[in-house]
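**Q** Listed below, chain by chain, are the residues.
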Amino acid sequence: MAKMNMIQALNSAHDNLLAKDPSVIIYGEDVGYFGGVFRVTHGLQEKYGKQRVFDAPISEGGIVSTAIGMGVNGLRPVVEIQFADYIYPAYDQIVSELAKLRYRSNGMFTAPVTIRSPCGGGIRGGQTHSQSPEACFTHVPGLKVVMPSNPYDAKGLLVASIECDDPVIFLEPKRLYNGPFDGNPHQSAVSWGTHPKGEVPEDYYSLELGKAEVIRAGADVTIVTYGTMVHVVEAAVKKAGIDAEIIDIRTLVPLDIDTIAASVNKTGRCVVVNEATRTGSFAAEIMSQVQEECFWRLEAPIQRVSGWDTPYPHAMEWDYFPGQDRILEAINKTLDVK
Amino acid sequence: MSHSAENKLHVPDAMFRPGDKPDFSHLDVGTAGAVKRPAVDTNPAEMRDLAYSLIRVMDDNGEAKGEWRPKIDADELRKGLRIMLLTRKYDERMFRMQRQAKMSFYLKCTGEEAVAVAATMALDDKDMLFPTYRQQGAFLTRGADLFSEMMCQVMNNELDPMQGKQLPIKYSSAEKGFFSISGPLTTHYPQAVGWAMASAYKGEDHIALAWTGDGSTAEGDFHYALQFAATYRAPCILNIVNNQWAISSPQTIAGGENTTFAARGIGYGLPALRVDGNDFLAVYAATQWAAERARAGLGATVIELYTYRVEGHSTSDDPTGYRPKDEPLHWPLGDPIERLKDHLISIGEWTQEQHEELATELETYVTECWRKVDAMGNINDPEMAHTHTAALFEQVYKEMPPHLRKQRQMLGV
Ligand SMILES: Cc1ncc(C[n+]2csc(CCOP(=O)(O)OP(=O)(O)O)c2C)c(N)n1
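Listed in order, the protein sequences are those of chains B and G.
Letter by letter, the first sequence follows residues 1 to 338 in the numbering used here.
Letter by letter, the second sequence follows residues 1001 to 1413 in the numbering used here.
Since the hints were made in silico from the structure, they are not lab data.
Being a predicted model, the structure only gives us computed values, none of them experimental.
It is possible that part of the hints are untrue.
Below, simulated EDC-like cross-link-like pairs (lysine to aspartate or glutamate); rule was C-alpha separation at most 20 Å, straight line [unchecked claim]:
{"id": "1", "chain 1": "G", "residue 1": "1036", "chain 2": "G", "residue 2": "1342"}
{"id": "2", "chain 1": "G", "residue 1": "1398", "chain 2": "B", "residue 2": "256"}
{"id": "3", "chain 1": "B", "residue 1": "239", "chain 2": "B", "residue 2": "165"}
{"id": "4", "chain 1": "G", "residue 1": "1065", "chain 2": "G", "residue 2": "1338"}
{"id": "5", "chain 1": "B", "residue 1": "47", "chain 2": "B", "residue 2": "202"}
{"id": "6", "chain 1": "G", "residue 1": "1202", "chain 2": "B", "residue 2": "55"}
{"id": "7", "chain 1": "G", "residue 1": "1406", "chain 2": "B", "residue 2": "285"}
{"id": "8", "chain 1": "B", "residue 1": "211", "chain 2": "B", "residue 2": "165"}
{"id": "9", "chain 1": "G", "residue 1": "1406", "chain 2": "B", "residue 2": "258"}
{"id": "10", "chain 1": "G", "residue 1": "1398", "chain 2": "B", "residue 2": "165"}
{"id": "11", "chain 1": "G", "residue 1": "1079", "chain 2": "G", "residue 2": "1326"}
{"id": "12", "chain 1": "G", "residue 1": "1406", "chain 2": "B", "residue 2": "55"}
Derived Cβ-Cβ restraints for the label pairs, each shown as a range [said to hold, decoys possible]:
{"id": "13", "chain 1": "B", "residue 1": "74", "chain 2": "G", "residue 2": "1405", "range": "51 to 61 Å"}
{"id": "14", "chain 1": "G", "residue 1": "1259", "chain 2": "B", "residue 2": "289", "range": "53 to 63 Å"}
{"id": "15", "chain 1": "G", "residue 1": "1259", "chain 2": "B", "residue 2": "22", "range": "36 to 46 Å"}
{"id": "16", "chain 1": "B", "residue 1": "126", "chain 2": "G", "residue 2": "1049", "range": "42 to 52 Å"}
{"id": "17", "chain 1": "G", "residue 1": "1013", "chain 2": "B", "residue 2": "128", "range": "37 to 47 Å"}
{"id": "18", "chain 1": "B", "residue 1": "185", "chain 2": "G", "residue 2": "1398", "range": "17 to 27 Å"}
{"id": "19", "chain 1": "B", "residue 1": "309", "chain 2": "G", "residue 2": "1043", "range": "36 to 46 Å"}
Anything over 10 Å on all C-beta distances counts as not near chain G; from chain B, calculated [unchecked claim]:
{"id": "20", "residue": "2"}
{"id": "21", "residue": "189"}
{"id": "22", "residue": "202"}
{"id": "23", "residue": "316"}
Glycine included, each C-beta is placed from N, C-alpha and C at the ideal position.
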């Protein structure tokens, strides 16, 4: 099996689907000739031609709105928003149009658009290249929201997203493009080539949307997380030798609450970890669902670890970014309740 | 009616406000037949004057003049007349019914019927329409059933094809190529361009036609549409219906005092036509020209349809608060139905008696449809409000995800 980083795995997903289905077309800023600033679409224009993979004007609203029209006319457009921080000019088209089209036309018109966008921090990107806007989309009926944490899942989930008849917001934690990240900025990135999830079949495969994965079994506490934080949580748990069960939710909407609830009912304790701004982040939604489902089994208050309620800073990035220490503190807080 | 500029911040005004005497004699509406008709493959740079003149075909006596006279036979013209008249009768009836609290909301297109009907008739059935809330005539032209597809939608009753999910008048029909009408303005405009890009990608001949209002041209989406249409040479027609008003704001607030709305196409290198929107023949001819151009792979055309919003914006609006009561009567380009009628009479294909018979026939038809609909109840009936409860959770996603199934159970349906 091939070893791939997340960029190559995403490229491979596009490659498989461009080959399989002529209704798949890809566009966005710089994605054509150059293959995208993160090189996710590298080589695809050369292989499939300018009609299938092309550059778009710097117009996020224009990119998403035209993709909707294409979706209505039978295509499966996959568009890239260069950074998730720049998705807001397209926000109205996503929220008012893409998400609601099926409902408002009672199923007469649908647009199977996939919007891919690199998100998250840990790359010294400052406030406009580091945001985690997923909660803005999880609040919108009609959208599916996906965030993978490794190359293998990234490919399988992107294939499923493009093949999905509902619109999908596919967020790529760019801190993970080249390798897993344990939250320590002084540690150089480990390559995906040394990680089991860096083994990615070159051929077509897909992973079902809406399924969480228990990536580490444990008895004492359930940690629910996604994206870059999956690896930071893993590193923290390993370092402290805690018998934690770690769940990578992978799809935020629809959320696999059954897997989460089964785990919390077993461990009786729950910590939710994400990078996004604390108030109203998706962690809050997970906490409230766990509370609804598992209240009588909980042995301690549910804890959350998130970014702070500030814009994402540049120089103070590592004070903002939830690292291993903050995660351990939250875990210990729940374990301390006897 | 000039207002002296006391400040450097220039806030444009309407030409007339309540109490003013409307007088449009200074408007240069040109002469029927005067504007040249370029070949469809003309370089847009060589036809920029068409963004500033006004294409008119019918003169004041209903006679067709000049190069833009379209090839269209009398049967087609009678069909256009019939649909415009039906649209008006429908609007009148629904407006009255809203006033009797039978439904929540209604919106008329009085005086703008040609903008929808003539443009739609100039296209093929496979072409896709991206309407606003003021092109009910386009839906009727595509053969919408007045009773089941329109009145039942407006009433959200048990036959409503949208199953109560949409505001009244926000029709949809995939089968009839009538795109679902949205709430936010102009969002459909770049969507139409995307639809056209897909058509070109598939190598098909079908084109997209979108309408937007003069006020709505100020939205970013308007510019996205022109940008993408120009970049990718999308086979589409981008209509701007300049009916002079955006609720209470005059078209000058959208920048209409500085240049024409058609001229916005020029900056993008698109061909731009400015057309008398109350002239059925001119709208038909301009649409045909643009459609031919698009089908030939030459890309998009911007068309400003110069018209006037005779009635209030909607049932929630009282236009006498911001414009003279009699302003509509002074509009210099007349009424599209009267003008097409005069034309048909002038070529010996219609008579005043036939016209009156038609009006009676359509009135009767609309009344009959309404009686059927009225018997089915309205949104204020406690029982009717629950007609579609089971559908509440459907069509959010293709398949209902577990959390929605759970919520449906919580509601007990
Ligand atoms: C994005 C957005 N902003 C505001 C509104 C409220 N609104 C509905 S119609 C309208 C006026 C539109 O005027 P115009 O585009 O000239 O079209 P007309 O109604 O005259 O046909 C406004 C402001 C809306 N529907 N969508």
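**Q** Give me the numbers of the hints this structure contradicts, sorted from smallest to largest.
**A** 1, 3, 11, 12, 13, 18, 19
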